[in-house]
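Chains as they are written, first to last, in the working numbering: chain Y, 1 to 500; chain W, 1 to 490; chain C, 1 to 96.
The hints are simulated quantities; they were obtained by calculation from the structure and are not laboratory data.
Fair warning: there could be bad hints in the mix.
To be verified - DSBU-like, lysine-lysine: derived pairs with alpha carbons at most 30 angstroms apart:
(1) C/Lys26 - W/Lys135
(2) C/Lys78 - W/Lys458
(3) C/Lys82 - W/Lys135
(4) C/Lys82 - W/Lys252
(5) C/Lys82 - Y/Lys427
(6) W/Lys224 - W/Lys241
(7) Y/Lys427 - C/Lys78
(8) W/Lys252 - W/Lys241
(9) W/Lys355 - W/Lys259
Claimed, not checked - Quick look at which bits of chain C chain W covers, simulated, 3 or more residues with Cβ under 8 angstroms:
(10) 22–35
(11) 59–65
What the hints assert, rightly or not - Incomplete in silico selection of chain C near chain W, CB under 8 angstroms:
(12) Arg16
(13) Leu44
(14) Thr46
(15) Val49
(16) Ala53
(17) His54
(18) Arg68
(19) Arg73
(20) Ala76
(21) Leu77
Here a beta-carbon is modelled for each residue, glycine too, at the ideal position from N, C-alpha and C.
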Amino acid sequence: MSIIQKSATEQLALLQSGEITSAELTQAYLERINAVDTSVGAFLRVESETALAQAVKIDRKRKAGESLGKLAGLPVAIKDILCTINTPTTCGSRMLENFAPPYNATVVENLLAADAVILGRTNMDEFAMGSSTENSAYHPTYNPWDTSRIPGGSSGGAAACVSADMAPLSVGTDTGGSIRQPAALCGCVGLKPTYGRVSRYGLIAFASSLDQIGPLAKTVEDAALLMEVLAGYDPLDSTSVNIPVPAYSESVGKPLENLTLGVVEHHFGEGIDPEIESAVKQAIAIYESLGASIKNIELPHADYGIATYYIIAPCEASSNLARYDGAHYGYRADQAEVLAELAEDGSDEGPLVRMYRKTRSQGFGAEVQRRIMLGTYALSEGYYDAFYLKAQKVRRLIRKDYDQAFEQVDMIIGPVTANPAFAKGEKASDPMAMYLEDLYTVTANLAGVAGISLPCGFTENGLPIGLQLQAAPFQEEKLLRAAQMFQNATDFHTRRPEIS
Amino acid sequence: MSDAAYDIVIGLEVHVQLKTNTKLFCRCSTEFGNPPNTQTCPVCLGMPGSLPVMNSKAYFLGMKTALALNCRIPNYTKWDRKNYFYPDLPKGYQTSQFDLPMSEEGYLDIKSTKDEFEPRRVRIIRAHLEEDAGKSMHDEAAGRADSRIDLNRTGTPLLEIVSYPDMRSAVEAKAYMQELRLLLTYLDVSDCNMQEGSLRCDANVNLHIPTDDGMIATPIVEIKNMNSFRSVERGITYEAKRQYDVWKETGKVLGELPKQTRGWDDSAQVTRSQREKEESADYRYFPCPDLVPVVVTDEQIEEVRKEIVELPAMLRERLESDFGLTTYTADVIVNQGRGLVDYFLKLAAVSEDNKLAGNWVQGEVLRTLNELEITVDEFNMSPEQLAGLLKLIQSGDLDSSKAKSVFAVMLESGKSAADVVDEMGIEKVDQGELEDLCRQLIERNQRVVDDVKSGNEKAVGALIGQAKKENPNVNPGQVRQICLDIINDM
Amino acid sequence: MSLTRQDVEKVALLARLKFDEEQLDKMTDHMVQIVQYVHKLSELNTDDVEPMAHALDVHNALAEDVPRPSLSREEALKNAPKSDGEYFRVPAVLGE
């Protein structure tokens, strides 16, 4: 087994024992990226030079016996949505093609403080809006298991690079399933933490009340290791919660006793792929064999999750993305073009409004524009109560469903997606079909609870299948331990794709 | 209210910049007058990924002001986004408070010492916190050159105080602004500098016109850009007349036209229609997901209430009732701010003559401050020094005109009243000597005696003039009294 | 719930977006479809339900009023599409 195929936890041990250096490890990944990323397209930018320089620096620190951070020497890939000082941060959009923030996101600071090596920026759906990474303004990302298929999204690059051994760890974001769904479709582990667990400072907002940053990795213990570094209170984020971060990586190996898992019968209704249904049901059986008790529960309002989500998220997005207007940073439409148009059509629209409209229509892709339109409409006079307020109320009902469920069970077990990875272009012209991809994942974001996706099988065509566990707020430690129990009993996580 | 053919109905929206060191949602300095775009950070630039964190001091100052305006403070308040595009608003929305403001339902009493209007209680709908926008500078040749944007001011905390339409004249509106400014100054919550924009006022104005078919109301107009008390008064006066003329011409009443915004042009002394926007305003308010609600307990509210100093209205009351000052004098002193009030209180205590102290503070002291364009803090004559002068007046050693001369020398030299009196050669005239002089004068002026006896006390003035010729140091008041006493005893 | 092409045009102006005829048709189609879908929320009676704006029950996240260094002007203007070294520059706000 080559070094890049090992888990991050194993690599860390080798780094610590001095059997490998960070520079060697980083170099190995850079070579791998060089070899396969032309087929996968996981990265928007690979930062070879800074990565190697950082690796050398950490090796030197280690040699000098200096104290090192928790990820010392481990390469990490970052979704291109996290601001990094004086480094392009595009959010997968033309709008931010030349944008280099003057500051670091808190999680980037955390990674640097943990002595991680930042490998590069991973591809994503523009402004995290999408479930296939086809909405990137730069290039699509392909599923390493079948490059004619999509990797999921919006953190498609983050999942694909882990799955294709181009990075041992990667950081993604999840607003409606954007970590868990690509993790499931690419066969890796992805954790969406409780809202407020990880600082959003420096995360380019899509829907502020739903966005969370989380880890993607090959194994549960690797996800635990990265989570430990990402999580924590941040006074710069008013929605960050000040409670201590457990040592996830230390406790992850301890199995849970008397675990009660809730199964929502509804999850297995119409529309779920039979292979996924059977893989998830088998996973439930494995938990039973590990001593867990299974209980049928109801999430009565879960069916309204997508409708609720597709009001709240676009509303927040329409406001969050108003700042991209060409005035202070980012793309601006050509001024001469704007003025020429002004001279031509003689309508009463002034130069500034024209600049705004042209800039935004040229700078944003179709899906982003669609969601801005939806959100603007749903918040506008006369519609607020019927849409936004109504959705906020249903959101409360969904949260209450979860609260009641977690009075009966420790976790909810079920599928991540209804179908395995679909073909590129298959849903591109049907936004509603694409939105339904998030069926099983959005409710966790609406309720603010934690969720994890882990490999639980493969289709006959060799496409990965994900298992979702969801837990009450701030129960990430238990979630990771329960996931680890499953991983210990199975070998799905050890399989790697052959990249064609 | 004049005898005009209508009532003016005025409500004011006042924006107050709160005196914090840092902005409402980031820790950039709020200092005024620095070079453009040197007081910004990712948060107030609206950079992607940046997040707001609320300034606790701004909330405290807002609460203190609201309480001083007799507002109710709810235990729960939240933040909303007001969405609109403008280049001085880099996020594309202003963080403000919509349906659950931090305070509601207060009032401010106004009255006129010059009887320009009846005392009035102006009710306050709400006072809420929001962030200020930046500044845009437009080229004179509109449309041709770029606009320039300075974001130093972006995010400065504002308290927006919205009154009911309770004012009925431009003078009342001006008085409300002045009283509000005074209150804010006493509370020390704002610099209240209208020129620098730390106190800004928009007025909603319309007319109620009695007609044969009953009372009609003209469409409401919002007037902006009134950057001084005088422009508040003039702008509203102008607008009222304009609305009356328009109504006479068009007959349009409230509801028949949308609310219009007009800007006050101070150089032309007119209000001008501000270009209609491309679409009617639809701010799409919704709760800001990046900011959490603020919760305060009743105990915390009471703690803040305790920090409120004695306010102008209460002080005026006290200076009249406890110190015997006239309404006018109390008003003049209180309106100058807490510094002059403290000066007066000290002077009254040391001189033990409230009225004399009041007159001197309102008179010579204030005149001097105005002449030198200084504040009372910069005034170099201590109340103790001035009290020394007042003592000499009380004892009759100095008349008021001499006292003024002494005061002027004291100001320049910094010396005590007694020293100045010595240097100026003002000698105290012995009481017996003075009486002798008066008798001599009376003997020489039988005519004055007759005039006084026949009821014309003023005639005694001739004797005062003669006495001063004989001895420049005599106190005219004393001469007058002694002469009258002697004549009356005759 | 009906949503017309004219409505979509109005919303586009509010959102400062602009579509050509073809895009406008497509956008209208998609929005109608999505609005119809989300309309299923009206099946639920939510009369006594408290709206939920935040996923967590946190309040009073406050900061002390202590200044921190601002960005230099150079840094502030670095990403500006147009500036003169002192100010951001935008097409005339006023004017036709």
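Hints broken by the structure, by number, lowest first? 1, 2, 4, 5, 7, 9, 10, 13, 14 and 15
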